[in-house]
Amino acid sequence: MVRTTLRRLLCLLLVAILALTAAVQPALALPPIYAATHDGDDDDPADGLEPLDADPSLPADLLDQIAQLNQQLVDLAQQARTLQSQQQSLEQRSQSLSARKQAHEGRVASLKAKMDAHNARPHVFQLPRQAAEANAYDAEAAQLNAERDQLNAEAQAGEAEAAQLRNEANQLKSQAEAGKAAVERLQATAQQIRQRMAAVAQKRAQVRPPAAKRASGGDAARQSGPRTNSRETGGDRPSRKKEVDTLDQYAKDRGAKVDKRPVDVQVDPDAVAKLTAREAAALKLNYKFQGRVQKPDGTYKVLQVVPRGAEPTAPQKALETVLARGGKVTADGGKTTVTEVERVEGKPVTARDITRQSSSDVDRKIREAAESTDPDKNAEAAIARALRKCIIQFNDPLPSSGGTSPGEIDAGTERTIVEVYNGKQDLFDAKGSQADKYINDPAANPAGRRVVYYVPNLSGSENIETIKRFEQTYGVRVFTDAGKLRNFLRRTGERC
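Under mature numbering (1 follows the signal peptide of the UniProt record, and there is no 0), residues -29 to -1, 1 to 467 are what the sequence shown spells out, in order.
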């Protein structure tokens, strides 16, 4: 008797294996507020929105609008965090499916090789003499078919999972697009509120008493009454003296007559409309400058003294955009028209402006911080050790100004102040006022060094957008990784 085991039992199998690649790494095209990348080089205005500061003296209905807007921003931020978490989960599951797909393809290739070998062997047997060989051949065929069925079942399950991932990706994309629309609506609302706030500020500025007239000889006239910054309490604060020195040098270099009195500038309500809603998110209604120069047409250029090398902040860029587009900006209660802003860099960093601790003092302070039970001090010690070759200050108190201390420098190099934030709260709430002081108050940064922040606990993607806005707002750099901070300092000339 002749027995034939048909090749069709093992003809090309796995016809149910489907391409799963479409489910891997879904392209969500999330709007900026939900973006999960940050390269630190984006100069665009803040993509998102910041809560508006509400002066309690504003009209009650305007305060209500501000409160409602701020609450909507809180809700939107929570939605953004939820969507980011869902996106991360989706990407992880997609990557897992991709890895399983690759493993599945490997098993398919292995099974096909075994099938080809099986089908290539003789499959005509003489019975009963070759019954054992025939049974073994049939058993192998059955085993291979069982493997085929298992792989087909896995492929079908994988396709179902891929379909589920695609469905979730589409839902997430829809939610992200809805979030983007909400951002645009809130930006427009915030712009309208800013216009009302600007109108209130303008009206109040117009009824303020005029500034004291300049006395002969070029010095600003003194106000009558006691001075809060008298010689008895230390005289002019160091920051103001440096500002005046910088403006004196500016006047000398340009042959210009500089009014060195500080000047408050207000943005006209109609000027807010010169910006898009997104651009207006960074605009302030009031700005302070250190001096001014009258232009030939009778308008004024205001001067802002900034540390050498400091980048313009998002609010500064927004004001410059308003002026470039013909927006009305005034000073002196609306009596003076401002048409230009110029940033005047302070003097280069000099050794006398920087407190240099002895190497032994730095080592001692770092050791004490490392052995402290305070986790914040531990974090300061950790970054100081990572940068030890270039650290010349550690936990160094800043000089008092007007009887109060502006705080201390966590770590300092020849060119850089390194501040450490070891918490997990919103960076603006935790360090915003400090960053503003370092950039705008020379008493806190007498040498005009650049400022960087080390925030090891904010490395999650949910913090990326906040870090980006913080950098844009204050003109500082923020790092979550000690190695990247060290490399940045090295690339920019520090010997770390």
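Careful, some of the hints might be misleading.
[To be verified] Below, a list of computed lysine-lysine pairs in the DSSO-like style, where the Cα atoms sit at most 27 Å apart:
1) K174 with K255
2) K144 with K255
3) K223 with K255
4) K245 with K306
5) K174 with K228
6) K228 with K151
7) K259 with K299
[To be verified] What follows is a list of derived Cβ distance ranges for each label pair:
8) S331 with A152: 42 to 50 Å
9) R461 with E339: 22 to 30 Å
10) V215 with A152: 44 to 52 Å
11) Q121 with F399: 17 to 25 Å
12) Q396 with T344: 18 to 26 Å
13) I363 with D26: 24 to 32 Å
14) A341 with Q59: 27 to 35 Å
15) A341 with D407: 28 to 36 Å
16) E339 with G226: 50 to 58 Å
17) Q396 with T308: 36 to 44 Å
I should point out that these hints are in silico values taken from the structure, not numbers from a laboratory. Using N, Cα and C, we set each Cβ at its ideal position, and we do this for glycine too.
*Which numbered hints does this structure break?*
Hints 2, 3, 5, 6, 8, 11, 13 contradicted; others consistent.
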